[in-house]
Amino acid sequence: MIPIVSDLAPLVCGLLLAVTGAGKLFGRRTAQLAANTVLVRVLNDGRRAGLALRAVGAAELAVAAALLAVPGTLLPGVATAVLGAGFTGYLGYARATAPESSCGCSAKAEGPIGVRSFARAGLVLLGGAAAATATDPWWTEAARRPGWSAAFAVAAALLLCAVSADLDHVWLLPLRRLRIRLFGNPLAGAADGPVPVAASVELLEQSVAWQAASPIVRSALLDHWDDEGWRVLRFAGVYEQAARGARPVNVLFALDLGASIDTTSSPAVRVSVIDDDTDEMVPVDLLAGMATRQVLPMAT
Amino acid sequence: MSHRQNDPGRRGLDRRRFLTTAALGGATIVGASALGGLDADAAFAAPMPSLDPAISRSAFAEGRITQIKGSVLEVAGSHGDQHLIQLTNATSIWKLRTTTADQIQVGDGLYARGVDMPDGTIAADAVWVNIVNLYCTVKGIAKDRLHLAHGAQDHAVVGHIVADTTTASYLGGALTSDLSRVRIGQSAQILGAWRPADDAIDIARVTVGH
Amino acid sequence: MACGSTSLWAGETTWFCCGSAWGPCGSAGGGACGTCNSSAHQAAWPNASQSCWNITRPDLCGENMARRGCGSVMNVKHQCSGATVCVTVSDCGPRTQSFCGESTCCNGACRTNRVIDLTPAAFSAIGNLSSGKLPVYIYE
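Residue numbers (the numbering used here), protein chains in the order written: chain V, 1 to 300; chain L, 1001 to 1210; chain G, 2001 to 2140.
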């Protein structure tokens, strides 16, 4: 192994494990984080999962201390590699059995297990292997080749930033903003033609027609189609008549295909109620029910 | 209740044509004039309770679908409860968009509103499959997806943009297919359909704040 | 459960999920009160506590609603249909300040700013989840 890599690997791995280990062991949200990991299912208990995550944090801290204090010996490097292999195995298991679970790796910003989680675990494994082959302590190497050592430390820090979501706001977001400024927004602009169906439903649900028909309507949008400049929206409902009891009905609304809440606040809506069994038009005076609503003075 | 969801005669073009004619033959209701003296602020003090007791009597179920037997969905609630959801030709089904029962799969999550039946099932009026409504921050924009973070822990989520379906609303404006005004760093409410296979979301609408 | 008819506030409502749940809602937990549950008639209120207020900051949109802590009961009425649902405050929300000035109307009369969040059970009792938001009156 290249001496600068193997000799400085304990420093990089030590610092990384110290940060993530301390986050897990002392973090106030560790229990909350553990609840979203696959550990809950493995250990069958949320509290035990929290304890397990803290125990892993303690182990990371212990290995970090050994890496930083006694580099150039075999054991801390091997322990780091074992941790890295353990993390990789855990991630593989979690990814296969519960892809929606969190990683629990860094005890901070969490997301589903992805490429970055695996890259981070892989780096710990490789870093451990490199550290195990170190011949000199990192401070000796740093003193011998300060320039190269600084360059290596910077490169390692950049690599760790790239595989960690915690620092995205520092570099990734500004980079993405810059890309959009330079190359434009990749998302589609306004399209010509009819408004989206959701916009018609939105307009309908804010209209008097909807208000008048709401005692009959039971379902959400059941079907929709466009016909000769109209958008027809079909809902299912129940019409209750004292004489005939409850009848299943279709409640149909027809609106202008191009209308939305941006173009009108009081759309013309055609409403009809059709008996679902006989297809007969049911004569309903929708507005009659509304007129009987009593108007009380304003609340003060 | 009869089950006619798959009866082609009732779903075909002729049927739609007939219903269009019926719809256009209905009464036209426009604007506030029809309402007379009922203005919205006065209604604040209008009598309680609901004008529509039917809806407030409605049953609700939540959970993941464990089995589909014909038109009945077996649902395991998140609190260990079990539900049998009966779909009928009058049940609206939402899964990213208004759709039909054949789009529902085992493993999907759902919310259902309906009526309790004597046999213990719920006859569903409306079923929303995999629907989520998340408060997010936009972290990245690509041609076919948004990178989002939601919740107190900034949980990373990928929101896929679906052609002809994804819409946006800018500060209360009408829903539009124009997504180009979404910005990185903005707060956004994401209404969409969760994808159990990869834990991503297909976006139905992005409501953008400041 | 006592559910009053004294007017308290008015504005937009959205919906949110909490408690044991499927999908991305699974990480939401029991909410600020520890009791939040998507399948119960519950709500999130922007002034459930001082620490809650510091997050939601409705005052930045001119909304200075009163403190109503965990367990408070409210009656939420859809401005358009009149449908109502009785809910218990079980979480902190919505983030009013992020959507300042947003309005939802009913027949031309608009309610501005997000002032309450309902669980799916409560929201679907007065509207459709696919609508996302509704104009409401709130009573207690």
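A hint or two may mislead.
[Stated by the list, open to error] With the Cβ distance kept under 8 Å, some of the chain V side facing chain L (calculated, not the full set): (1) 88; (2) 221; (3) 266.
For the record, the hints were derived by calculation from the structure and aren't laboratory data. Idealized CB from N, CA, C, for every residue including glycine.
Quick check on residue 221(V) please, does its C-beta sit within 8 Å of some C-beta on chain L? It holds, given that the least Cβ distance between residue 221(V) and chain L is near 5 Å, below 8 Å.
Restraint: residue 88(V) near chain L, CB-CB cut 8 Å. Satisfied or not? Status violated, d = 20 Å.
Status of the residue 266(V) interface restraint (C-beta, 8 Å, chain L): holds, 3 Å
Checked against the numbered hints above, the structure violates only hint 1.
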